[in-house]
Structures are given as structure tokens and as C-alpha cells.
Amino acid sequence: MLFNSFAFLLVFLPASLVLHWLVECFRPQWRLPLLLVLSFLFYGYWDWRFAPLLASSIVVNWLVAQAFLRSGQGALITLALVSNLIVLGIFKYFNFFMGLADLVPGLTVPKWDIGLPLGISFFTFHHVMYLVDLKAGRAPRYSLMRYALYIAFFPQVLAGPLVRWSEIMHQLDERPYDRPDAAQRFGQGFMLLAMGLVKKVFLSDPLAGYVNPIFAQAAAGHAVSAAEAWQATLGFTFQIYFDFSGYTDMALGMALMLGILLPQNFDKPYAATSLQDFWRRWHMTLSRFLRDYLYIPLGGSRHGLAVQMGALFVTMALGGLWHGAGLTFVAWGVAHGLGLAAGALWRKAGLRMPAALGWLLTMLFVMLAWVLFRAPSFEAAVRIYEGLFGLASLGSEFKWRAIAIAAAVACLGPTTWTVMKRIRPHPSIAVGFAVLLMAVLLQIGDAANYEFIYFQF
Amino acid sequence: MTEDAHHHAWSQFVLWAVCSTVGLFLALLGGLYLIDPYDTGRSPLSGGSNLRGQKEVNATASVGRNPAYTAAVIGNSTVALLMPARLTELTGIPFSQLSVPGAQIPEQLTVIDWFMKHHRDTATALVIGINRDTWCGKDPDKAGMSPFPFWRFSDSSAEYLAGLISVSTIEQAGRRLGLIRRSKTQSSQDGYWDYEPFYAQLLANPPRRLKALMKREDGRHAHGDASFPAVRVLERKLTSLPDNLSVVLVFPPVFTAKQPPAGTPRYVSEQACRQRFIELASKRPNTAVVDWWLDRSELKNPDVFIDQIHYRHPIARAIEDDIAAALRRMRENARVLSPARLAPQDA
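Protein chains in written order, with our numbering: chain A, 1 to 457; chain B, 1001 to 1347.
Errors might be hidden in some of the hints.
[Stated by the list, open to error] Lysine to any residue pairs mimicking SDA-like chemistry, simulated, CA-CA at most 25 angstroms apart:
(1) B/Lys1142 <-> A/Asp47
(2) B/Lys1142 <-> A/Gly209
(3) B/Lys1142 <-> A/Pro213
(4) A/Lys421 <-> B/Cys1019
(5) A/Lys268 <-> A/Met284
(6) B/Lys1300 <-> B/His1223
(7) B/Lys1215 <-> B/Ala1204
(8) A/Lys421 <-> B/His1007
(9) B/Lys1215 <-> A/Gly221
(10) B/Lys1142 <-> A/Tyr45
(11) B/Lys1258 <-> B/Arg1274
(12) B/Lys1138 <-> B/Ile1278
(13) B/Lys1142 <-> A/Ser5
(14) A/Lys421 <-> B/Leu1015
(15) B/Lys1142 <-> A/Met284
(16) B/Lys1215 <-> A/Ala220
(17) B/Lys1142 <-> B/Lys1237
(18) B/Lys1211 <-> B/Ile1315
(19) B/Lys1211 <-> A/Met284
(20) B/Lys1211 <-> A/Ala223
(21) B/Lys1142 <-> A/Met1
(22) B/Lys1258 <-> B/Asp1243
[Said to hold, decoys possible] Facing chain B, a subset of chain A residues (Cβ under 8 angstroms, in silico):
(23) Phe6
(24) Pro180
(25) Pro425
(26) Phe433
(27) Gly445
Keep in mind the hints are simulated off the structure, nothing from the lab.
All of these numbers come straight from a predicted model, not from anything done at the bench.
Glycine included, C-beta positions come from ideal geometry on N, C-alpha and C.
So that you can see chain A by itself, here it is in the shape it has in the complex (with noise of 0.2 angstroms):
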């Protein structure tokens, strides 16, 4: 179910959050087995057939983990890991290699049109930190249900974030509720809900219908007038912005008020001043899980710059077919580690920017990649950036309110997490975030709901 959802707001949190408080204070013991189930039922009221393949895929890594520490053997982690990547492959991979196969002539490949189980990308990873790191004798054991609570902690198992075990692991067995901080905490992580909530309904919502009729125009293969691809690029810029950030702001909230804290995933993106800047801010999980387990064990920074350039790019073409099945990921993917490459031998070169300078050129290559990221296929893609650089009609009608109090809340704004540490402890904020919550309630009431865009990956 979607986090902006009645269903979820109006059922399963509150729900949730009472059991979980009478677990605590009453069964204790109870808190990690209803963490579970709670957690299995958020999955499987998406589509209870991809219960248990979530469900199967936690025993079987987790019986994996059990034999290697029994028997040493590293070939079971191997196996293992290629074994995710396997099903990873098959269920999102599948038909995207078998169309480049079918660019062979000859060649006759079958399509398997099967459902994408959601959040395999993110809980494929979860599984592949955990075991890399107990080939590496870095990871303890840890029970099934600890272990499976870590992959499917309901708050973060759809889309993140990517969560280390080392991070979860010991607040599990914490008693939240007999911290020190724990109304803190819970006051919190209300406010990171209602604020996440905010932004997904309030400001990236709103843009998607500036947004998704230009792509889809494009996509349609009519032209693009330059006002229209502005406003579709502009806008997607600050959507995916919104959508994601507020989606983690959520799950933070959540995570923190059931006691779990989870590690921030943004930091103002759109106030970077190089491309490397933008990714230790954006989707900040995922940038260090490229860099730890891809981007240094392919070579790093320390082997020299031909191998420093030649991880960068696959780090980040990976990382761009890890978003989604297709050729434009791969292109958005290329096209970072093409950047990151570029900043590097600057930086190598010991050649300097002014900030200024910087912002503006990282802020204009990451709306110009955005477009392969949210075009469905390169002639879309093309249509759009005839649309940018001029090549088409000027067009007459740009939707700019939105985008500008977007653009002003990203480029200029706090970030939610630095609000809510600000916020000092008063009865008329919280009523001030009631009263919010309640204008989102009635906003998803009234507004089409659109799922999270890293929903699909």
C-alpha cells in the first residue's frame, strides 16, 4: 500500500503504532515477531504472491549465512550472491536482455511478461551488504528473525533506505520506549511523516501533471515546444526531488516512531557544487553502497586513474541499470560516470571553480540527464531535448509557480531533517503539524494519488 494512502494512514499506521506501543510496554518479547507481521502485511497487500518470495528469499540467504559459518566455505557467499543477482535478473532483467538479444538477427528470444516484485532491487542489496560483509568477517550472526526483520522492516523494505546491518541490527533489541529520548524520538518522527507527506502531496504531486502529459507527448512522437520540454525537465527535476525525499522522509518518521533510527538519504542535492558533491547528497545510500561494494572493489581511486575512470563508469552505468530495465538508464547511468570522470581529472588537474559556476553546470547536467531518466525510450528522450536547446517552436504556455516554489524549497530550503532537529518542543507545533496532517488527508482525498517513482525500481 502507498504510504500516502488512507488505507495506510487512516488503518495501518495508526494500527501499527497502537499494537506496537502495547507490545512494548506489556510483551516485549512480542516486539520483533509483530514487527514481522506487520511488516509481511504491508508487502503482501501490494500482491500477496510476492509474499513469499520475500519470505523465501530472507530463509534461504539466511540458511546460506548459517552454513558458511558452520563450514567457512566463501563459495556459499559467492553462490549465494549470484544466485540474488539470478533472481534479480529474471524478474527485472529478463525481457531488457532478451530484447538486446533480439537486436541480433536471427536470433528468436522469448519475452516473459511477469510482474516486478516490489522492492527486490532494495532488499536484493540489503541481502548482498549482509553477506559481503560476513564473507568479510565483518557481520555477526543473527537470528531469522532479526535477519528477516532487517530485509523487511515494512518502513524501508519498497524503496529504501539502504540500510547497513551494522545500523538496525543493535536497536532491535532496544527497548525504545525506555530511552531517555524516546517521546523525542516519536515526536520526531512525527513530524518527519507529516513533512515527508507534505512533500509528496503538496509539491511533487502537483508537478507530475505539469510533467507526465509533455513526456508522454514526446513519447507519442509529437514535437516538444521549447516552453513545454523546460517546464517537463524543470519539473521532473523537482518531482523526482520531492517524491523520493519525501517517500524517505516518511519511512524515517515511521522507523523513528516504532524506534528504529534509519540513515538520512538526502542532503540538498540541488545546492551541490560538483557532480561528486551531488552524489554524496542524493540517495545517499545508495551512492556509498556503489562506492563500497562496487566503485572500490572494482578498483577505486587507488590503482591509478585509468582504473579510478574505468570503475567510475561502470560503477555508474550499474548503478543506472539498477533504476530500471532499460537502455535510458543506462544512458543517465553512462552519463554521471562520464561526469563524475570529467570532475575527477579536473580535480586531478588541480584546476578550480567557483561555487556559483559549479552549481550552475551540476544543476544543468543533472536536469539534462533527468530527461533520459524519465523519457521511456531515446527518440522521447530526443524530442525533449530538441524541445531544451531550441530546435523546436518556443511555445507560449510555461507553468512556472509550481516549479518555482519547488526550486525554492530544494535549492534554498532546509532539509527536513535539519527542521526537525530545529523544532523545540511546543504544544502549539504539534497542533500546527495535526493541522497539517489534516490538509494532506484531505489533499489525498481530493488529488489523483501517484505512486512513488522508486517504487518501480
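Mind docking chain B on chain A? Use the hints.
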């Protein structure tokens, strides 16, 4: 701030946050339930049907439950111009207009259910618009693109309460209480509203209107499912209605250019669909067809159409005459077959 004071302040914050969220939500929901913005009759404060503050497209629930009207026109915009007051005048049966623009089959069946629920023993007639594009389609379970408030007509209290939570319901509540200015166009008490003013822009641009009007149907594409599943859906619905309820299936006309050329797949498909509905009507007692499906000389005049499926008043009056005649015939038959069932005004 000491640690204790800090802890106390946050505890108070959480208490206020939780209590005010729950309190505001319950107050909002309770208030809207009592106000009953769309006059569905669920509130203990609701009296009889009262259209106060209803915008024309929102009047269906209120009009549909009004006991003063024992007959209703059901359908989408293709039967919206039929005037219930004139049908009442011609037949003596108090008619209401419950058509909803853009309504597909699930929406129309929902409105039938709503009307019958509130006229369990009093309903005398239903006029159902069988628009060919809607009723000959392949998926009778698919709702239309225009959002339709199923929740307003739902038997589920939870669904109704969830539906109440929206900005538009708040606005409607404001209109109902007289706090927000009412919209200019409003339904009359019987649910009728004239759609022609909504097309003023198109009517003021004859070249554009004529271009759209004259676009000829090439007839190449037949309807999706030759078994016409909507016929079975309507059959089930008609079977559930009381036998003594008069039902008129109206096939609304289209402009001549929309008629598929004879012999084309579309033509064959449409005729098969039309025949199925005629057969359906023949199987049920007290059921008649008012058939404006085929081309006629009066349907070739561009002045009597706004676009290819929305006719204007002269055509609407002629269809009303046919409906009234069909109802009169049914009554005559009923009088012959079962004198005991006569309505008081017939006695």
C-alpha cells in the same frame, strides 16, 4: 533546560500531537458526516431531499433519494437533455433526471441501485440510455475516465466515511452551509440541468464545431467483443428489478456522420449489438425500446447537434414524446393484463 524538563516537554509534545491529530480527524469526519454535504440522507440531521448548495453534477444522490420522484432517467450525457418535467407532464409519472456525464456501465448501475434502494416499493419507471459506445464495449466492469463518486452511493459506511475526507467535500459542505458562494448553474429539483451552456464556446465557433461534426466514421473497426458482455450485465440488473417496474431502453441518436457505412465491420457490429438489446427488452415484461439508433432525416441536420453524440433540444423533445408513448403503451398493456396493479392516477 534540564533533562527532566526536556523529557517532559517532548512528552507533552507527543501527547498534544497524538490527541490533536485524533481529535481533529474525528471532528472533521464527524462534522462532515453530520453536514452530509451531498445530501445522501445518512446524517441524523438530514431531512428529506434538499438540493441546497448542490452543484449540478453532484445532485444525483440527493435527487435519487427523493421520494417525490418515482421514475428516473439513467445514463450519461447522451440522455442528459431529456427533461423530466416534460416526461412527467406527458405521462403523469413524476420523473427525475439522474444521468451523469461520462458515466460508464458501473456508474450507471450504481445510480440504478441507489434509486431503487430509496424507492423500493414506489418506483414506477426507469428510462435507461443505451449509448452504443458505452453499452457495446468489451469491458462492462470498467469505470469511466471521469471520476465518479462511488463512495457516495456505497452501502459500506467505511467507504462513505473515507470518501468524505477531501478538499472538494469541505467545499461542498461550505456551499451547503451557505459559507461558500454557490455555483451559478444548479440542478432543478428533479435533477435536470441544461448542458448546452457548457458548450457555449464550441457553439460560438461554427467552423470548428462543423469540422468535428462532419468527421465521417469509416466503419473499419468493429466493437471489441462480439458477445457484447454488457447485455448480460444489464439482463442481470433488469432481472433483479420488480416485474411491475416499467423500463424503457432508449437508444440515443448520433449525428449522421457517426453512422458507420452499411456493410462495414462497425455497422455489422453495431447492428448486432442493437439487436441484442432489442431481444433483451422483448424478454422482460413491462419493457420497451425507444430506438433512435439508425439514421433519420432529422439527424442529418447539423443544427440539431452540438457534436456527434450530443443532440440539442428539438431532438430531445422528440425522444421524450417517444418515451411517453412507450410508457403509455406499457400501461395500456398492464391495464389489460393486470387491472389490480393500476397506479392510482390510472384508476
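Each hint, compared with the structure:
1. B/Lys1142 <-> A/Asp47: 21 angstroms, holds
2. B/Lys1142 <-> A/Gly209: This hinted pair holds, its Cα atoms lying about 23 angstroms apart.
3. B/Lys1142 <-> A/Pro213: 23 angstroms, holds
4. A/Lys421 <-> B/Cys1019: The hint holds at about 22 angstroms.
5. A/Lys268 <-> A/Met284: 11 angstroms, holds
6. B/Lys1300 <-> B/His1223: 24 angstroms, holds
7. B/Lys1215 <-> B/Ala1204: 19 angstroms, holds
8. A/Lys421 <-> B/His1007: 15 angstroms, holds
9. B/Lys1215 <-> A/Gly221: OK: lysine 1215 of chain B and glycine 221 of chain A at ~24 angstroms, within 25 angstroms.
10. B/Lys1142 <-> A/Tyr45: 22 angstroms, holds
11. B/Lys1258 <-> B/Arg1274: Since the Cα atoms of lysine 1258 of chain B and arginine 1274 of chain B sit roughly 15 angstroms apart, the hinted pair holds (cutoff 25 angstroms).
12. B/Lys1138 <-> B/Ile1278: This hinted pair holds, its Cα atoms lying about 19 angstroms apart.
13. B/Lys1142 <-> A/Ser5: Holds, because 22 angstroms separates the two Cα atoms, which is no more than 25 angstroms.
14. A/Lys421 <-> B/Leu1015: Given pair lysine 421 of chain A, leucine 1015 of chain B holds - Cα atoms ~19 angstroms apart, limit 25 angstroms.
15. B/Lys1142 <-> A/Met284: Violated. Lysine 1142 of chain B to methionine 284 of chain A sits at ~42 angstroms, over the 25 angstroms cutoff.
16. B/Lys1215 <-> A/Ala220: Since the Cα atoms of lysine 1215 of chain B and alanine 220 of chain A sit roughly 23 angstroms apart, the hinted pair holds (cutoff 25 angstroms).
17. B/Lys1142 <-> B/Lys1237: 16 angstroms, holds
18. B/Lys1211 <-> B/Ile1315: At roughly 21 angstroms apart (the allowed maximum being 25 angstroms), isoleucine 1315 of chain B and lysine 1211 of chain B satisfy the hint.
19. B/Lys1211 <-> A/Met284: 56 angstroms, violated
20. B/Lys1211 <-> A/Ala223: Roughly 24 angstroms between the alpha carbons, so the hint for lysine 1211 of chain B and alanine 223 of chain A holds.
21. B/Lys1142 <-> A/Met1: The hint holds at about 22 angstroms.
22. B/Lys1258 <-> B/Asp1243: With a Cα-Cα distance of about 36 angstroms, the restraint between lysine 1258 of chain B and aspartate 1243 of chain B is violated, given a limit of 25 angstroms.
23. Phe6: At 5 angstroms from the nearest chain B Cβ, phenylalanine 6 of chain A passes the 8 angstroms test, so the hint holds.
24. Pro180: 6 angstroms, holds
25. Pro425: This hint holds: proline 425 of chain A lies near chain B, its Cβ roughly 4 angstroms from the closest one there, short of 8 angstroms.
26. Phe433: 6 angstroms, holds
27. Gly445: 3 angstroms, holds
Of the numbered hints listed earlier, those contradicted by the structure are 15, 19, 22.
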